[in-house]
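From first to last, the protein sequence lines stand for chains V and Y.
For the working numbering, add 5 to where a residue sits in the first sequence, where the first one is 1.
For the working numbering, add 16 to where a residue sits in the second sequence, where the first one is 1.
Please keep in mind that the hints were generated in silico from the structure rather than gathered at the bench.
Virtual Cβ for every residue (Gly too), placed ideally from N, Cα, C.
Don't take each hint at face value.
Said to hold, decoys possible - Straight line, CA to CA, 30 Å or less: simulated BS3-like cross-link-like pairs of lysine-lysine: (1) K109(V) to K27(Y); (2) K57(V) to K73(Y); (3) K109(V) to K73(Y); (4) K27(Y) to K73(Y); (5) K73(Y) to K31(Y); (6) K109(V) to K31(Y); (7) K109(V) to K33(Y); (8) K109(V) to K61(V); (9) K109(V) to K73(V).
What the hints assert, rightly or not - Pulled a few chain Y residues facing chain V out of the computed Cβ check, cut under 8 Å: (10) Y49; (11) G58; (12) Y64; (13) F81; (14) G88; (15) G122.
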Amino acid sequence: GDSVTQMEGPVTLSEEAFLTINCTYTATGYPSLFWYVQYPGEGLQLLLKATKADDKGSNKGFEATYRKETTSFHLEKGSVQVSDSAVYFCALSSGGNTPLVFGKGTRLSVIA
Amino acid sequence: GAGVSQSPSNKVTEKGKDVELRCDPISGHTALYWYRQSLGQGLEFLIYFQGNSAPDKSGLPSDRFSAERTGGSVSTLTIQRTQQEDSAVYLCASSLLGHTGELFFGEGSRLTVL
Chain V
6 GDSVTQMEGP
16 VTLSEEAFLT
26 INCTYTATGY
36 PSLFWYVQYP
46 GEGLQLLLKA
56 TKADDKGSNK
66 GFEATYRKET
76 TSFHLEKGSV
86 QVSDSAVYFC
96 ALSSGGNTPL
106 VFGKGTRLSV
116 IA
Chain Y
17 GAGVSQSPSN
27 KVTEKGKDVE
37 LRCDPISGHT
47 ALYWYRQSLG
57 QGLEFLIYFQ
67 GNSAPDKSGL
77 PSDRFSAERT
87 GGSVSTLTIQ
97 RTQQEDSAVY
107 LCASSLLGHT
117 GELFFGEGSR
127 LTVL
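I would like the entire structure built from these sequences, with the hints used as guidance.
Next up, the structure:
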């Protein structure tokens with residue numbers, strides 16, 4: 006079945022550091038890919054998405070490119086802020102009759 | 017409100033008791049999902065409702081778990097004879113259309129079974 010594997014955390018970075026959170030997937034067909042973020046005390050919210058190969062999703066300075074050849078969707082940000090501290094979830098949707106499949110989440114802590 | 021609302025936000029219960037968790041989706045959203053978030057386990061799909069169609073119950077871990085959605089809006093997740101391994105955060109999400117991947121989540125109901 007479909008699955009998502011993302012790097013285990015926690016990840017601790019200093020403010021203005023470069024961030025990469027790795028995500029790879031296994032799916033039949035051509036899924037859509039997502040990053041969700043869960044800030045402390047809040048519900049998950051969609052951060053960005055990409056629906057086909059080579060698409061780049063971006064939002065709030067974060068980017069991720071849908072790489073079909075490596076089945077990856079790594080999340081990157083050039084300069085993190087303390088306010089980016091959260092748990093990040095990679096997810097995929099194969100559409101049809103299958104629900105969204107999530108990775109286990111990666112906790113990011115950014116220190117000033 | 018404008019978002020997905022879940023209640024209670026916290027529930028502590030004794031092993032063997034039944035619990036009910038409630039979800040109010042965003043008005044007009046036809047799809048509603050329940051997920052379970054356990055420490056170190058990510059989000060586990062439980063059940064999915066789409067309009068008036070029969071729900072997809074494929075993720076329910078045992079027959080102690082059930083859910084209903086009345087009038088295509090509010091949903092209740094019921095766990096009977098709770099066990100300690102049921103302790104988790106139960107998340108509800110809704111979307112305008114099913115399985116597009118763009119879900120709107122509530123803040124969750126944290127269940128602790130003693």
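Consistency of the hints with the structure:
no.	hint	in the structure
1	K109(V) to K27(Y)	holds (24 Å)
2	K57(V) to K73(Y)	holds (29 Å)
3	K109(V) to K73(Y)	holds (21 Å)
4	K27(Y) to K73(Y)	holds (24 Å)
5	K73(Y) to K31(Y)	holds (24 Å)
6	K109(V) to K31(Y)	holds (27 Å)
7	K109(V) to K33(Y)	holds (29 Å)
8	K109(V) to K61(V)	holds (22 Å)
9	K109(V) to K73(V)	holds (21 Å)
10	Y49	holds (6 Å)
11	G58	holds (4 Å)
12	Y64	holds (5 Å)
13	F81	violated (16 Å)
14	G88	violated (18 Å)
15	G122	holds (5 Å)
Checked against the numbered hints above, the structure breaks hints 13 and 14 and satisfies the rest.
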